[in-house]
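K.L.:
Residue-level listing of the chains:
Number of protein chains: 2
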Amino acid sequence: MFQINENYLKLPGSYLFSTIGKKVSAFTAANPDKKIIRLGIGDVTLPLAPAVIEAMHKAVDEMGNADTFHGYAPDLGYEFLRTAIVENDYKARGVDISIDEIFVSDGAKSDSGNIGEIFGDNNRIAVCDPVYPVYVDSNVMAGRTGEYIADKERWSNVIYMPCTADNNFSPELPKETPDMIYLCFPNNPTGSTITKAELQKWVDYAIKVGAVIIYDAAYEAYISEEDVPHSIYECKDAKSCAIELRSFSKNAGFTGTRLGFTVVPKELKCGDVSLNALWARRHGTKFNGAPYIIQRAGEAVYSEAGKAQTKEQIAYYMNNAKIIREGLLGAGFEAFGGVNAPYIWLKTPDKMTSWEFFDYLLEKVNIVGTPGSGFGPSGEGYFRLTAFGSYENTLAAIERIKNI
Amino acid sequence: MFQINENYLKLPGSYLFSTIGKKVSAFTAANPDKKIIRLGIGDVTLPLAPAVIEAMHKAVDEMGNADTFHGYAPDLGYEFLRTAIVENDYKARGVDISIDEIFVSDGAKSDSGNIGEIFGDNNRIAVCDPVYPVYVDSNVMAGRTGEYIADKERWSNVIYMPCTADNNFSPELPKETPDMIYLCFPNNPTGSTITKAELQKWVDYAIKVGAVIIYDAAYEAYISEEDVPHSIYECKDAKSCAIELRSFSKNAGFTGTRLGFTVVPKELKCGDVSLNALWARRHGTKFNGAPYIIQRAGEAVYSEAGKAQTKEQIAYYMNNAKIIREGLLGAGFEAFGGVNAPYIWLKTPDKMTSWEFFDYLLEKVNIVGTPGSGFGPSGEGYFRLTAFGSYENTLAAIERIKNI
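Residue numbers (my numbering), protein chains in the order written: chain H, 25 to 428; chain E, 25 to 428.
FYI, nobody ran anything at the bench for these hints, they're computed from the structure. Hints are supplied without guarantee of correctness; some may be wrong.
One copy or two, it doesn't matter: identical chains are merged, so the pair holds either way.
[Claimed, not checked] Straight-line distance between alpha carbons at most 30 Å, and here's what the computed DSBU-like set of lysine-lysine pairs gives:
| # | residue 1 | residue 2 |
| --- | --- | --- |
| 1 | Lys82 | Lys59 |
| 2 | Lys331 | Lys82 |
| 3 | Lys220 | Lys346 |
| 4 | Lys232 | Lys34 |
| 5 | Lys46 | Lys293 |
| 6 | Lys290 | Lys46 |
Chain H on its own, in the form it takes in the complex (with noise of 0.2 Å):
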């Protein structure tokens, strides 16, 4: 007889944004009227930039016709996107990685879902508190977090590193040794950010005691301060220790459109083991690369047009941040991010619980935010709202909230 993965069984709930995108289709059916504005879930509104859809038709008319027709990707992407990648991520940044180190996937959710699938399931993992839901769960599913202990709210064999308003959202290194390190910065869902100086700590401190660090940068196109990395191996000796995840979700707006990639450098070892052949196997055996019309359309995120409409979908986003957490403060909640990240992290008045704070807003406003503690324990008392709406829908669900 078959058996199931047991560890699925363990996971409490459903993944946070089904729960939400539930939630809010009960809402529609049953107030047909209300105007609702959605800055929850953090999707994307702008549509793509002029040079992203130029060459995509392009591409489209090349798979049309049998001269310039693309089956099969190269297993790790394309040569013409690894390298605009490598040219423009890294080494325009003084890093140097090259372009068999770049993994060209659909997306960093899968990405961050399916990395761990090359450690052993031993591994103690460590995860800021809150975060994207994607790393505690994927562990679930491998086994590696213990159990749930529900009145906790937390699992019994991961190591939690809180991000409070206590310690300005930046976590400690911890107290218990890990073997996995999972990193987001900018954050999300808090927004908040990590030192140059401060990331190097996080480097050493994992190849003092041997982890490695996933370091999650998908939302690096939102940093607006200097003396803020863009990159993990911006620091010293990173290239032993981590593994970087990108998306083009956020910095292009991607999220329908679906692509991605991760790093895993050669000289990140596990013994005699390269972790580069390691991913590369996994990447091989159980994908099939990125459509080529996708691929097309990331190389053009990085030509010079590219470049500047993105940057203007980034700005036009961080004015919403700017509207958002000026407006909160205005109102008098607490409220930070939105300054390096297109999230703003509030806290909830009158010490409603997130799912109260979620509910209220539905209600009474009918605005989507995310409850923070759909992101981690820590998270309990805080609420997410994003900068991907609109313009309009933003100044207006901050008007909707000031009059509350």
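Fit chain E to the given chain H structure using the hints.
P.N.:
Showing chain E alone in chain H's frame:
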């Protein structure tokens, strides 16, 4: 100190098609003047159908406009696509599958590799031998296969079901009881099929022993004979024991466009646990949908024009298959398949091993095929040619082989 997934170290050599790619690259570099004909990897060569191209242009335009832009897709895939799948692939054949049993993905390779994640690590797998390498390799990575016995070229804990000329490439029910049974019909690599009555025996057997069948129907569009089922759900009670994998790669030339889907019926349970719910959770946590543009492309495959155009493509490839099959038989080879599948499976001449014949064909007549032994121990002494080349190249390849 972090540990790697040690199962990866058990994998001998690299993924079959990566090895072939490297051998061909080396040969091409050393012999730049030789015109290689590739009948190896199962990659298509015809451009995408006009209806698909048109749908993608339209979708690209939608992505460039704020009013019609699409961000994150629904977890299971867009309803327009799942509805088209249900209507055309199932309802039209008298099979009742609902749209929430369809999970749209980036292709059957990913799904066939990932589906194992929802099953326990102690399940014992049974595979046709020879077979598409991803089934075994992904289970090696999960630790289900035991140790590799090099001199027997097999895994200690895998139940191999030999498919050779002796049994007309149709596996017999295994003597040892498996928990998970991988079946692929029309078969890759042998091109063999199974009748509905024969498949019903597998369904009945799976139910009797409590096994789950992972049914890979990626090549169903190539079926030309009446009594060969296109879906396992044409068999009675199959919804209580089988998951079905489908692909757009071969029926519509999407190898470089990436789209597939998996059917997990709600009736399929392990005790009280619905596998549909488990796969939904996996899908929602570790995947973020196929691109909107590509899902629209998939929808167009089911339009009247799309159906007519992709049918023509399949007829084109099946004409190639006929040329290869008849050419090989005429030249004195023992050849199989090519009637309900785009694959022709031949016995190597002069007792050559599969890789010897690979090198021989590459060096003597500059034709790339796939060594049968790469698909499993019972594939030794066989060789796969595919019908996915151009008509002209297929004719030329057969002429070259005839004149060896």
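K.L.:
State for each hint whether it applies.
P.N.:
Quick rundown of the hints versus the structure:
Only between protomers do Lys82 and Lys59 lie at most 30 Å apart by alpha-carbon distance; the minimum there is 28 Å, versus 38 Å within a single protomer. Within a single copy, Lys331 and Lys82 get their C-alpha atoms as close as 19 Å, and across copies as close as 24 Å, so both meet the 30 Å cut-off. In this assembly of identical chains, Lys220 and Lys346 lie within 30 Å of each other by CA distance solely inside one copy; the values are 24 Å within and 63 Å between copies. For the identical chains of this complex, Lys232 and Lys34 are inter-copy neighbours only, at 29 Å across copies versus 33 Å inside a copy, given an alpha-carbon limit of 30 Å.
Taking the shortest Cα distances, Lys46 and Lys293 sit within 30 Å of each other only across copies (24 Å), while inside one copy they are farther apart (43 Å). Proximity of Lys290 and Lys46 under a CA criterion of 30 Å is satisfied inter-copy only: 20 Å between copies versus 43 Å inside one chain copy.
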